[in-house]
Amino acid sequence: MEVIRSAYLDEKLETVRGIDFLQYRSADLPTWCPGCGYFGIVDAFYKACRELDLKHENIVTVSGIGCSGRTPIFINSYGFHTLHGRSIPVASGLKLAREDLTVFAIAGDGDALGIGGGHLPHVARKNINITFLLFDNSIYGLTKGQSSSTTPYEMRTNSHPAGNPDTPLNPIKLALSYGASFVARGYAGDPQGLKQIIKEATLHQGFSFIQILTPCVTFDKENKTWKNLNEKVYELNRRKEEKNMETAMRMAENEPYGVGIFFQDKERLHYQEILRNLNKAD
Amino acid sequence: MKDINIVIEICGSAGEGTISAGEILSRFMSGQGFEIMSFDSYPAEIRGFGKCVAHTRISTSRIYSPGKLADVLIALNDKHSIFQLSTLKENGILIYDSQPVRPHKEDKSVVGWTKPGMISYGIPLNMLAHKATGNARGMNMVALGALAALFYVDKHGFTDSIKARYAKKKQIVIDSNVNSFLEGYSWTKKNIKKIDPYSFKGITSPKQKEKLIINGNQLVAKAALDANLSFYAGYPITPATKIMEILSRELPKHGGILLQTEDEISAIGAVIGAGFGGKRAMTATSGPGFALMTEFTGLSVMAEVPAVIIDSQRAGPSTGMPTKTEQSDFNSAVSGGTGDCPRIVLAPTDTKSCYEATVLALYLAEKYQTLVVLLLDFFLSNSIRNINIPEKPFSEYLDANIAPDKNDLKDYQRYKITKNGISPRAIPGTPGGMFFSTGLEHDASGRPNYSEAGHLEMTQKRFRKFNTVLSEAPAPEISIIDRDEFDIGVISWGSSAGAAHEAAMSAQKKGINASSFSSMMVSPFPEKALIEFADKCKKILIPELNFSGQFANFATQILKRHVERLNFITGRPMASEDILQKMKEM
Chain Z
1 MEVIRSAYLD EKLETVRGID FLQYRSADLP TWCPGCGYFG IVDAFYKACR ELDLKHENIV
61 TVSGIGCSGR TPIFINSYGF HTLHGRSIPV ASGLKLARED LTVFAIAGDG DALGIGGGHL
121 PHVARKNINI TFLLFDNSIY GLTKGQSSST TPYEMRTNSH PAGNPDTPLN PIKLALSYGA
181 SFVARGYAGD PQGLKQIIKE ATLHQGFSFI QILTPCVTFD KENKTWKNLN EKVYELNRRK
241 EEKNMETAMR MAENEPYGVG IFFQDKERLH YQEILRNLNK AD
Chain S
1001 MKDINIVIEI CGSAGEGTIS AGEILSRFMS GQGFEIMSFD SYPAEIRGFG KCVAHTRIST
1061 SRIYSPGKLA DVLIALNDKH SIFQLSTLKE NGILIYDSQP VRPHKEDKSV VGWTKPGMIS
1121 YGIPLNMLAH KATGNARGMN MVALGALAAL FYVDKHGFTD SIKARYAKKK QIVIDSNVNS
1181 FLEGYSWTKK NIKKIDPYSF KGITSPKQKE KLIINGNQLV AKAALDANLS FYAGYPITPA
1241 TKIMEILSRE LPKHGGILLQ TEDEISAIGA VIGAGFGGKR AMTATSGPGF ALMTEFTGLS
1301 VMAEVPAVII DSQRAGPSTG MPTKTEQSDF NSAVSGGTGD CPRIVLAPTD TKSCYEATVL
1361 ALYLAEKYQT LVVLLLDFFL SNSIRNINIP EKPFSEYLDA NIAPDKNDLK DYQRYKITKN
1421 GISPRAIPGT PGGMFFSTGL EHDASGRPNY SEAGHLEMTQ KRFRKFNTVL SEAPAPEISI
1481 IDRDEFDIGV ISWGSSAGAA HEAAMSAQKK GINASSFSSM MVSPFPEKAL IEFADKCKKI
1541 LIPELNFSGQ FANFATQILK RHVERLNFIT GRPMASEDIL QKMKEM
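Chains Z and S, in that order, give the protein sequences.
Position 207 of the first sequence, counted from 1, bears residue number 207 in the working numbering, the numbering being contiguous throughout.
Position 179 of the second sequence, counted from 1, bears residue number 1179 in the working numbering, the numbering being contiguous throughout.
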């Protein structure tokens, strides 16, 4: 895996190279802990926006609550920091009312799969044309280290000092079974690869789900550490046969550290197209 | 011209056509030029044998309330009608089935329970229905035929209304309904000797403009479309569901989008998302759904994003009584949620004002970038009135966003501190207008800021908008203004207001010097007008449909004096008779 090269850490280097993706960075300095995986994620996000040449004023990032919730403030675009678990409903309403905008919904693992877990099935089955970025560090960071819906079984956390009694959810399997038309996994330590996935997800017409593996350097010393992730993460060997649910499910089950696109259905209509067709037929 | 003011109730079992009969009756009477108000009550269960009552008031003058007691009770079903007899006037008229299919003991027939003074007309409803159609399904039409014969109602006009009601059905359905009606009509003319005083003979109402026969839910949907609604998200709940169903048909025709969500949290979230995108958006729900939406109400106020929630109140806490009416969401609408969270609350006082309130709600939400709650209740949502077709809203009500100009955009501050509290709002897609919104306390640029001075300044700004909102509040309705002193002032809100105004006017006729006050805008409240009114009144009475006197508590804080209360939680609408009785006792 490539060494992380962040827009915040390597500003001079990137400017020298003539890459002007920094225009998508806002003037505000992130409040995340030094070494946080989220720096890598926003870095990939800036680059994806640059390469897609998105107009700043047409981007809206909608987030929930938690460390990931602050993301919109660090992006030079319209941003809406909403409620815990509710980035999906707000982003859906915004996109349906304003088809011309490029809408990203951002959530952490507690946000997306815990408190807001009820929204994911529906945005996926409706195939609303937004890109969903799940910042998955398997811990509640902003409240200081409690177990989340993806914390491994028996891992010790501040809410379960004797070990987490709950079996973790598998976000990729969920997204696949909910009927998301684009399902992928990226890694915060691989901004180039993640950038590519965000680009494809943004271009995808329909609901795009990206699980992003990322460490919490402060509250997770044993699971998703940089060291562990750098060792375990690898690129999925998959490109040609994306629209194969069976393979995707098998990979979701067996390859928890594989990054790349698990599933993509390019033919499926997104929600607005479906509505237009139905109302025309009516 | 003679006057008429009559309440007719049809009582039957679910599935007996009780509600359709009431609908035909009120449509026909409206067509004849009368004022009508009708209100059905039915069980929450879709099938089964629950009690249905179609209640219709017909009058030559303005109707304020549905009327507590009935002049006429048409009993399609003996078992249920025995209980309905309690709301028949002492000298009321009972029309009952004299030859029911299953012969029963005398005490099982509703006629055995009538009080002396009541007039009973036995019509073989079942037998005549069988004669006309071969089965009992035409009983409701036979009963309408009997009613038409007894009260000298135009037979041909009535059959036209029946034909119109079933116009989309097969010819055989139309014929059997019309035949049943005619069978009831001629049998009654031939066999019944009329001994009651009611008659529509010779009563003609002046030809009026075409009227809309409509309930509150339908009118809210119509108003929203007229006021440029472009997005609706909702989750089914009695008694608000009809609003979503109407808009699901109509909104796409207007280029809008309707989203049925997985829950009410998602519904209001999507509304706020659409509002953030600069589109007019709303949702409708009832108490239990409003409780879920409370999570998002603070965000609308804090991030200053327009949102409209319609809460059609039903009775009780929790799931309560879904098909009963009550006014018990006042507290949660006005002050539910966390923190100091000012919001606009409108409570239309009658069917007609549902239109004005909806237009106003969408306009105020957009202009003041805040939450507007519109409080209906089961009664307003479902009671049917004939009203003049409302005039479409003026253009200034259709586009009210205050957008930033070139100067504002130079160093754009989304939450700029202004004199009236309104900050120019850029809509996504506007170059140079980019901003960050949050439910966290923030500074003028939108960035999180928890400083003492900052929180105070922003809280003041959010409350300051309200002073301006008040200047746009519809004038309070006051029944008598040209006097300096009243013995009793009745202060009311929402759907109780009609009965309160009616009671105050009846009291005048009975020698009680009374006036009445109601305001559609209940938050912020036009306190000055209320105090001015109350200062003229020796005693104050506040009638409302809840147990704890939620509005009375609120008004007491403003008036700082004792108020008499009158509270009902019967699940029925407020009755002017009860208010008048209380006024006599005061």
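Keep in mind that the hints were calculated from the coordinates and are not lab data.
Since this is a predicted model, take the numbers as computed values, not measurements.
One or more hints might be untrue.
Some residues of chain Z that are not near chain S, with every Cβ distance over 12 Å (derived) [what the hints assert, rightly or not]: (1) Cys-33; (2) Arg-70; (3) Glu-99; (4) Tyr-153; (5) Glu-154; (6) Gly-163; (7) Trp-226; (8) Glu-231; (9) Arg-250; (10) Gln-264.
Below, simulated DSSO-like cross-link-like pairs (lysine-lysine); rule was C-alpha separation at most 30 Å, straight line [stated by the list, open to error]: (11) S:Lys-1528 with S:Lys-1539; (12) S:Lys-1002 with S:Lys-1201; (13) S:Lys-1168 with S:Lys-1068; (14) S:Lys-1193 with S:Lys-1108; (15) S:Lys-1392 with S:Lys-1222; (16) S:Lys-1131 with S:Lys-1051; (17) Z:Lys-55 with S:Lys-1416; (18) Z:Lys-280 with S:Lys-1539; (19) Z:Lys-280 with S:Lys-1392; (20) S:Lys-1406 with Z:Lys-55; (21) S:Lys-1410 with S:Lys-1068; (22) S:Lys-1108 with S:Lys-1190; (23) S:Lys-1170 with S:Lys-1155; (24) S:Lys-1209 with S:Lys-1253; (25) S:Lys-1211 with S:Lys-1410; (26) S:Lys-1253 with Z:Lys-266; (27) S:Lys-1051 with S:Lys-1002; (28) S:Lys-1193 with S:Lys-1002; (29) S:Lys-1131 with S:Lys-1201; (30) S:Lys-1115 with S:Lys-1190; (31) S:Lys-1536 with S:Lys-1509; (32) S:Lys-1168 with Z:Lys-280; (33) S:Lys-1089 with S:Lys-1108; (34) Z:Lys-280 with S:Lys-1222; (35) S:Lys-1211 with S:Lys-1201; (36) Z:Lys-280 with S:Lys-1253; (37) S:Lys-1209 with Z:Lys-280; (38) Z:Lys-55 with S:Lys-1410; (39) S:Lys-1560 with S:Lys-1582; (40) S:Lys-1115 with S:Lys-1169.
Beta carbons are placed, not taken as given, at the ideal position from N, Cα and C, and that holds for glycine.
Here is what the structure says about each hint:
no.	hint	in the structure
1	Cys-33	17 Å, holds
2	Arg-70	8 Å, violated
3	Glu-99	9 Å, violated
4	Tyr-153	29 Å, holds
5	Glu-154	32 Å, holds
6	Gly-163	32 Å, holds
7	Trp-226	28 Å, holds
8	Glu-231	37 Å, holds
9	Arg-250	29 Å, holds
10	Gln-264	24 Å, holds
11	S:Lys-1528 with S:Lys-1539	18 Å, holds
12	S:Lys-1002 with S:Lys-1201	9 Å, holds
13	S:Lys-1168 with S:Lys-1068	35 Å, violated
14	S:Lys-1193 with S:Lys-1108	25 Å, holds
15	S:Lys-1392 with S:Lys-1222	10 Å, holds
16	S:Lys-1131 with S:Lys-1051	26 Å, holds
17	Z:Lys-55 with S:Lys-1416	25 Å, holds
18	Z:Lys-280 with S:Lys-1539	61 Å, violated
19	Z:Lys-280 with S:Lys-1392	28 Å, holds
20	S:Lys-1406 with Z:Lys-55	20 Å, holds
21	S:Lys-1410 with S:Lys-1068	63 Å, violated
22	S:Lys-1108 with S:Lys-1190	27 Å, holds
23	S:Lys-1170 with S:Lys-1155	22 Å, holds
24	S:Lys-1209 with S:Lys-1253	27 Å, holds
25	S:Lys-1211 with S:Lys-1410	52 Å, violated
26	S:Lys-1253 with Z:Lys-266	29 Å, holds
27	S:Lys-1051 with S:Lys-1002	35 Å, violated
28	S:Lys-1193 with S:Lys-1002	23 Å, holds
29	S:Lys-1131 with S:Lys-1201	29 Å, holds
30	S:Lys-1115 with S:Lys-1190	26 Å, holds
31	S:Lys-1536 with S:Lys-1509	19 Å, holds
32	S:Lys-1168 with Z:Lys-280	24 Å, holds
33	S:Lys-1089 with S:Lys-1108	21 Å, holds
34	Z:Lys-280 with S:Lys-1222	22 Å, holds
35	S:Lys-1211 with S:Lys-1201	23 Å, holds
36	Z:Lys-280 with S:Lys-1253	10 Å, holds
37	S:Lys-1209 with Z:Lys-280	36 Å, violated
38	Z:Lys-55 with S:Lys-1410	18 Å, holds
39	S:Lys-1560 with S:Lys-1582	22 Å, holds
40	S:Lys-1115 with S:Lys-1169	41 Å, violated
Figure legend: structure checked against the earlier numbered hints; hints not met, in rising order: 2, 3, 13, 18, 21, 25, 27, 37 and 40.
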